[in-house]
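Engineer: Protein chains in written order, with the numbering used here: chain P, 1 to 177; chain V, 1 to 340.
Keep in mind that the hints were calculated from the coordinates and are not lab data.
One or more hints might be untrue.
Unchecked claim - Beta-carbon label-pair distances, calculated as ranges:
| no. | chain 1 | residue 1 | chain 2 | residue 2 | range |
| --- | --- | --- | --- | --- | --- |
| 1 | P | V12 | V | L59 | 50 to 56 angstroms |
| 2 | P | V12 | V | P77 | 51 to 57 angstroms |
| 3 | P | Y25 | V | V165 | 24 to 30 angstroms |
| 4 | V | A162 | P | G6 | 50 to 56 angstroms |
| 5 | V | L84 | P | I42 | 40 to 46 angstroms |
| 6 | V | L328 | P | T37 | 30 to 36 angstroms |
Just so you know, even glycine gets a beta-carbon here, dropped at the ideal spot from N, CA and C.
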Amino acid sequence: MTWTPGDDVIAVQRGPAPGGAGGAYRAFGETLRGLKTTFARIVEGPVTIQYPEEKTPVYPRFRGRHKLHRFEDTGLEKCVGCSLCAAACPSDCIRVVAAENTPEQRVSAGERYAAVYEINMSRCIFCGYCEVACPFDAITMGHDYELSDYNRGDLIFTKEMLLDVPLERTPLRAEGE
Amino acid sequence: MIAPAVVGYYEPWWIQILKSIVIFAVLFQIVPLVLLGERKLLGRFQARYGPNRVGPFGLLQPLADIGKLLGKEQSRPVTSVGWLFALAPVVSVLTAVASLALIPFGNRRELFGTPVGLYGIDVSIGPLYVFAFGAIAFYGVMLGGWASGSKYSFLGAMRAAAQLVSYEVSLGLSLIGVVMTAQTMSLTGIVEAQGGMWYVVPQFVGFVIFMVAGFAETNRAPFDLVEADAELVGGYNTEYGGARFASFFMAEYVNILVISGMAVTFFLGGWQLPFGIHPAGWLEPFVVLAKMFCFVFFFIWIRATLPRLRYDQLMSFGWKVLLPLATLNALVTAILVTVT
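Bound conformation, chain P alone:
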């Protein structure tokens, strides 16, 4: 029993066979097309981003180095030392040691504050779970991605470093870019 193709079967379009005078003519034409393609790249100009001088812009939700925040009006820290971020951290890179606020020394708005807040950047995988876990929006992910250092010890970021107004070294991607 032979199979007869119906009307819905479309014959495969094949290019002309190579070789012969026609093949040579087409090869010449294709060479010219290739030359045009490469020359168009010169006209277009380079697309390289000259990295150390020129930085790749990041999207607004880019997850870079963390930031700790203060209340703008009172200047108190938002972090209450609940360690939920440390619990959420999959790579276990956050260390929080909480302490009680006293009327004489008030650091945060809540009952307790983080006496020690360290993030080991050499372990952090920038997943953003800490940001999600935080009930007070005390920790957020910033935009800085230039985090190399010469010593592993220098990559442990302390509370002071995270609270500091970070150097905004990274350009933000413009709308629609």
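Fit chain V to the supplied structure of chain P, relying on the hints for placement.
Structural biologist: For chain V alone, kept in the frame of chain P given last:
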């Protein structure tokens, strides 16, 4: 006995020495420029910058490259044949420079009170001289590959031998048309014969064949099977490093300049400009150099565009397409020259 050079006028010995030093010095300043230009242009062809870190606009990059290569240790494999291994790069550079002497950069001028031809030497056997040194240049590649005592080098050298021999024939035949039309073999004579019309127009087929075969002769893409870094690691120069590699590298670029210069001389009217424009005498070398740079640009453009041929494609193209075409071109030109 045929005189080695038919100059037709008297040139004192010190002018000849001075000329050779000037040509050598100027062209060797151009080689690093071509090197840098190639890397920068290749970058632009691929939508990137190319070297731009060393010096302003990366201009010192070739200097840094050469410094690096010269500072490297001279090493060679234990299986290599010592003195041939050392001789091969010398042969390559020597033949490349010797062919350089033939490119006419300008007409005869009065300099220091004596007539001086703005070219190394004007021989009565122009194209033959080029081919003679081109043939010796194979020895550089072949000896280099063989004396390395390495399989890859040897494969590269074998390919080089086959490729260069088959394309040399077409290269020679493509120039026969020009020589027949100009009725002279002196390169300055050929340039002067193009006063009315550049030979690129009546000898267009010859020009195309010359360019294609020229690409093969200089081992440039798409005919760079000799190096074929993907298959042969680097071909005949696999085992070379340091200054010897630099010599091979330099010879390759001098060969590009030589082929460009030959194309300018044989087909693009040398130092002459079209539409009856007669440049001042001192501009002639610059006209030639400008035309040469157009060809160098074309060489780089082709390299950025075309992929490398397969070995059997290379051979069948050389023998089945290029050689019959070149023969036909020579025959048709011969008939036309005899009839008219």
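Engineer: Assuming the hint says 50 to 56 angstroms, is it satisfied by the Cβ distance from A162 (chain V) to G6 (chain P) or not?
Structural biologist: With a Cβ separation near 54 angstroms, A162 (chain V) and G6 (chain P) satisfy 50 to 56 angstroms, so the hint holds.
Engineer: Between Y25 (chain P) and V165 (chain V), does the C-beta distance stay in 24 to 30 angstroms?
Structural biologist: holds, 28 angstroms
Engineer: V12 (chain P) and L59 (chain V), beta-carbon distance inside 50 to 56 angstroms?
Structural biologist: Given range 50 to 56 angstroms: holds, Cβ gap about 54 angstroms.
Engineer: Between V12 (chain P) and P77 (chain V), does the C-beta distance stay in 51 to 57 angstroms?
Structural biologist: At roughly 53 angstroms between Cβ atoms, P77 (chain V) and V12 (chain P) fall inside 51 to 57 angstroms, so the hint holds.
Engineer: Verify the CB-CB distance for L84 (chain V) and I42 (chain P) against the hinted window 40 to 46 angstroms.
Structural biologist: Taking Cβ atoms as reference, L84 (chain V) and I42 (chain P) lie about 43 angstroms apart, which means the hint holds.
Engineer: Are L328 (chain V) and T37 (chain P) spaced within 30 to 36 angstroms by their CB atoms?
Structural biologist: holds, 32 angstroms
The structure fails none of the hints (numbered hints given earlier).
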